[in-house]
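Protein chains: 4
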Amino acid sequence: MTHHFGPHFLQIPGPSAIPDRVLRAISMPIIDHRGPEFAELAQTVLGGIRRIFGTEHPVLIFPGSGTGAWESAVVNTLSEGDRVLMVETGHFASQWRRLTEKWGVVTDFIPGDWRNWADPEAIHEKLTADTHHQIKAVMVVHNETSTGVASPIKAIREAIDDASHPALLMVDAISSLGSLPYEHDAWRVDVAVTCSQKGLMLPPGLAFVALSSRAIEQSKSGGMRRSYWDWSEMIEFNRTGFFPYTPATNLLYGLRESIAMIEEEGMTNVFARHDRLAAATRAAVQAWGLEVLCANEQAHSSVLTAVMMPDGHDADALRHYVLENFNLALGQGLSHLKGKIFRIGHLGQCNELVLLATLSGIEMGLSGLGIPHQRGGVHAAMDILKRRA
Amino acid sequence: MTHHFGPHFLQIPGPSAIPDRVLRAISMPIIDHRGPEFAELAQTVLGGIRRIFGTEHPVLIFPGSGTGAWESAVVNTLSEGDRVLMVETGHFASQWRRLTEKWGVVTDFIPGDWRNWADPEAIHEKLTADTHHQIKAVMVVHNETSTGVASPIKAIREAIDDASHPALLMVDAISSLGSLPYEHDAWRVDVAVTCSQKGLMLPPGLAFVALSSRAIEQSKSGGMRRSYWDWSEMIEFNRTGFFPYTPATNLLYGLRESIAMIEEEGMTNVFARHDRLAAATRAAVQAWGLEVLCANEQAHSSVLTAVMMPDGHDADALRHYVLENFNLALGQGLSHLKGKIFRIGHLGQCNELVLLATLSGIEMGLSGLGIPHQRGGVHAAMDILKRRA
Amino acid sequence: MTHHFGPHFLQIPGPSAIPDRVLRAISMPIIDHRGPEFAELAQTVLGGIRRIFGTEHPVLIFPGSGTGAWESAVVNTLSEGDRVLMVETGHFASQWRRLTEKWGVVTDFIPGDWRNWADPEAIHEKLTADTHHQIKAVMVVHNETSTGVASPIKAIREAIDDASHPALLMVDAISSLGSLPYEHDAWRVDVAVTCSQKGLMLPPGLAFVALSSRAIEQSKSGGMRRSYWDWSEMIEFNRTGFFPYTPATNLLYGLRESIAMIEEEGMTNVFARHDRLAAATRAAVQAWGLEVLCANEQAHSSVLTAVMMPDGHDADALRHYVLENFNLALGQGLSHLKGKIFRIGHLGQCNELVLLATLSGIEMGLSGLGIPHQRGGVHAAMDILKRRA
Amino acid sequence: MTHHFGPHFLQIPGPSAIPDRVLRAISMPIIDHRGPEFAELAQTVLGGIRRIFGTEHPVLIFPGSGTGAWESAVVNTLSEGDRVLMVETGHFASQWRRLTEKWGVVTDFIPGDWRNWADPEAIHEKLTADTHHQIKAVMVVHNETSTGVASPIKAIREAIDDASHPALLMVDAISSLGSLPYEHDAWRVDVAVTCSQKGLMLPPGLAFVALSSRAIEQSKSGGMRRSYWDWSEMIEFNRTGFFPYTPATNLLYGLRESIAMIEEEGMTNVFARHDRLAAATRAAVQAWGLEVLCANEQAHSSVLTAVMMPDGHDADALRHYVLENFNLALGQGLSHLKGKIFRIGHLGQCNELVLLATLSGIEMGLSGLGIPHQRGGVHAAMDILKRRA
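Chains as they are written, first to last, in the UniProt record's numbering: chain A, 1 to 389; chain B, 1 to 389; chain C, 1 to 389; chain D, 1 to 389.
FYI, nobody ran anything at the bench for these hints, they're computed from the structure.
Honestly, I wouldn't trust all of these hints.
Where chains are identical, the list cannot tell them apart; a pair therefore holds if satisfied intra-copy or between any two copies.
Claimed, not checked - List of simulated lysine-lysine pairs, DSBU-like, C-alpha gap at most 30 Å: (1) K220 / K338; (2) K220 / K102; (3) K386 / K338; (4) K154 / K126; (5) K220 / K340.
Next up, chain A with everything else stripped away, as it sits in the complex (with noise of 0.2 Å):
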């Protein structure tokens, strides 16, 4: 029954299908990494990846992935026995919080149904309580890739500076950097993360780390153990557009094509396409008469749509029906959210027909395996998107 012919749609919330062009641009030979046309490409990107990200500040490029600027962010601000606050988003919050403890660090973890935000109320609470400060950082993700929701990063900071609190602003950027407004420098969050593979357009591979003064600050003095995640090499080799060991060169030529493509459509661009195609999404959902996941109207993310399956059926056989019978592959839920939801992934280089087509094949699948449903999903969605013209 399997095909499998023709164009493959990866409608996955990353990695994300990849433009031609940082395809083509991968695949140059390689160069000296410690010669003068490297330091060039060097400056480039690390110039153009903290415009991305909204800093003046250092933004760190290590080869690894997006788990890897997790480990970074911990191991180079806190120490074991810390404390830190965190709030259940989701699957990665849950996976942060994770590697976070096996660093010996302590969680307060504000429990979550993984349907909401972060909510800056809570943080507020918490931090007001805390009047010893024993809360070393906050730490949140702004996309929850599993859910598709996004929580407020401004007003979380808000809250922390409302409660006075010294405690480090620490963001999951992983899913968001590139395909939802960020401004690291504004919000003054003191470290985020992401990673190449999601508003980036590569493939995996390069982990980033973008930091504040406070965060280099506490670097020097604090943190743990560590060598391959340590910021003060990195960042002291970058000045001179090298790194203390080997970069994955031909990602960071991707990583040039993929900036100027960003910067080339433009970021607020960017993102109203974003805004665009998920707006389109959740119509094509409600006309279905599904549900999303995410159940609070300020949080829906612009980056994927999870959706809910209709009690009794299950998500992974949409999903595997549709990859054998349309080549479409869509995210599956995660963790207890397994075959409960499937995840579509509008963003990167995601366009109005790519997502029809996707919604397409979503609409064929409900009704391939007699999933109840309505149909008109796809004209609610074309009727979002025929607007902008």
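Based on the hints, put chains B, C and D in the right spot on chain A.
Chains B, C and D in isolation, oriented as in the chain A frame:
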């Protein structure tokens, strides 16, 4: 208003979108076309293309476009003053006729309204009337790329046989080969031509001519002054895997890959896929309340569908609109059909979701420009496409 | 014994090795050749190629090989029975003559020993003797790819002028353009032809014809039956950035890139580089005690060097040996030079180290096969090449 | 003075030049790392890399650089305060020691002059003296990339056995794997690390760790706080072809291709090729009258050759000169060898002509800068390389 972000949907009836595997193949470093490695490549593609044509006779591959293949068919078999029978199926039949006349050949052109196929009975009648066998060749376009009408080559072969007429059968298989069933030897076609950028899913730049023993025989004594498009040296050189002048090596790399892809999918499956996509397209057009140009139910092309615009509406305005707004390229109306029709290509590597994306773009365009239509085209297409699962 | 591991050294005088930038460019997805993006591409390459030719007149780009460009020159300007003056510089001059005669043109072929250039004085003599101006064209190969001899086009122009003869000047610039200085307008050449796979560093598949006002004028009234290679429609369509039939779009992407590369390096620098590499090659040949085929010191080609084998030794055995053992492809002797010479291409993207690798391979081959020679060729070449630093 | 035209010769001892086939492979569109097609890819490369290591135990593949693989070896097997035995073979042995100490491990560092291998007898002596078995691991660099000295891992294994010492044997195979014979299981190595950009001919970005049963056992109870570089989850996930966090999919495409290339050539042939190229390089150095850094005839590396500059001459000036003038990148001297040596990489896809081009560039550089030497290095290398034919 233009954005052109994300994947481009090139849904013209050729050049068709090129598979990633083929694009990577053509970008490999070039080799000496007089060396042993080349000979191996040549034997592989010359053997493969014969399988695609369904022939054991030589198939010649020239650097050039399909127009050159037309010329090659004419100058190797006909002489100035010769008479041939052609059928006005549309723009490309007319262009082929024009080219043929440039070479001093007299054409008997059975008139047509560009909405129907080449009628075997009309051909039979003409041949029967030609008692002195002045007609040297019957020249027919298998799939009229300008109209989306496919002609019945097998029946035309039978009409010639029934008339006991010695005319050669020459077929333009430019947009049919690799997309519609075509049986060179079984149908006893004498000369068939095609090019790289349609069902073979390659960039333009290769012209193909498939021969029969009779055609080869005739070319030895007859034909006109010629050099580039001459068959004799090509046949001679090809025997050992070489070419009389520099071949387009990198495109041959691509050809090796595209033949492999077609045979991996299976030619029967390839044709069935084209049929299914075409049926879905026609269902969409009907649902919109628009009219397909092809007026003969038996003659609908599975390669492309030409759609008539409601009176007073310009097809090119629609084409411009969907290109600007949705990064979708549709085919224009050619010659007197300019502005009156648009053409949807659904050939090559097209699959279900690519087609639904295309139809979505058209439906949004019809709506965005206020062109009278009913909604539901995409739905209707989904109803066809979901069935196969 | 074969290994063929690692980089292949393709040092034939065309196709020349293709730069990575060009290979990546031709592998980008294809676009509609009737759309606005294509028109922009076409205008860019049509403008660029005029700069490379040094002309403000049209340069036409056909899908095809250089052989087609030859044909285009002939059929647009000459008629059956016309007389032309050609010079036997080598295999390709002979082939061009053969093609010209196939078209019914009478050729006056000044004989040559394949070791010298087209002599302006001999041409002057022939033209002066042609008091009735029966000679319609002087047709000369600029750089004889089969022998490594370059002819003095400027002096030939002057010879024609001195004879006050109205013959058109038609030049085969196939292996010279982009590698040797060529000034179409300044030298008042009427028709010049080239192809993609030599100095333009592209895959084969594009044929170019540069024109003059006189040539265009002549083509309007004269010439032979023709269609594919006709100039008039091409000129007409090109005005708006389009083509009368499907162009080889992906190769045009490559052309855009290769023109950019040539202009980034600077044409003067490109020519100087070719001169330097050629001088080093000749120094190597001399050091080996072998003889360069070109017997005229002023006529050495900077594109390739043809080397004569000592009597009793087979050049093709050497070529086979270095291909099998060192992954090095050299050009063979053509026609009666088969086995007697081998040709070293040093054109296109060739640089110092590529050349020295090539010469090393040859020196090891000479030694490995026991061909009489003195050591030191590579040394001699290094002595030339190191000086520029 | 800079030109940088034509092919770049990247002859540093890693990243090594990447084969065209690998570059094309890594540029294919990405797929879902949680889907069935990925699982197939993963099983293929996990199986293949075990064959390259010569092991039936797990080999783990992390997104990261070789430095990360070092860390992974340390944090999974050792605990703070543990004692290990290391040998000062050069810069990278020193760096690995530095990293190990950052993790609180006490290192016993057998001093060396950076011109010799890790001496099995010295190791035996140390272990024999360690009667209380405080040494938990012997950590050795197989091929010292900074010096061009290879150490005898098999003999070191025997030294440990002879001492009846339970220390783990941990080997840095970073620049040896795929270039020098390495037999993980046969030599009973416990942990070996490598990365993608040396003998595996890939871009940097993958870190590999090969294990033994003992190492795995030890990691279960011991090791330090860790997350990213932890073995247990990786082993667990890999069983079904998946990874605990996002793998560097496109590099895995490349790995599949490079393993195929190595196995097509045959590992024995690969090693023999490296040996031959290295012998030729040493012959060239000797002919120049320069000195190879490696002072132990049995320890010459076949991966790279480090060359000592005559007193008073700066190696980096030479490196700069050949890069500017001949587009040739050589490796620099590291740490206290900076300016005193240059390193010639002859690994990966290097072949005879690439090496001779490299040696020619060096010989011209020596001459151009007036560095005292005798001519004839290239000649001497040719004498070695031509023999195999």
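Going through the hints against the structure:
For the homomeric pair K220 and K338, the shortest alpha-carbon distance between copies (29 Å) is at most 30 Å, but the shortest distance inside one copy (41 Å) is not. In this assembly of identical chains, the alpha carbons of K220 and K102 lie at most 30 Å apart whether taken from the same copy (22 Å) or from different copies (15 Å). In this assembly of identical chains, the alpha carbons of K386 and K338 lie at most 30 Å apart only when taken from different copies (25 Å versus 34 Å within one copy). Proximity of K154 to K126 under the C-alpha cut-off of 30 Å is restricted to the intra-copy arrangement: shortest distance 17 Å within a copy versus 59 Å between copies.
When the C-alpha separation of K220 and K340 is checked against a cutoff of 30 Å, the pair qualifies neither within a copy, at 45 Å, nor between copies, at 34 Å.
In this structure, only the earlier hint numbered 5 is contradicted, and the remaining ones agree with it.
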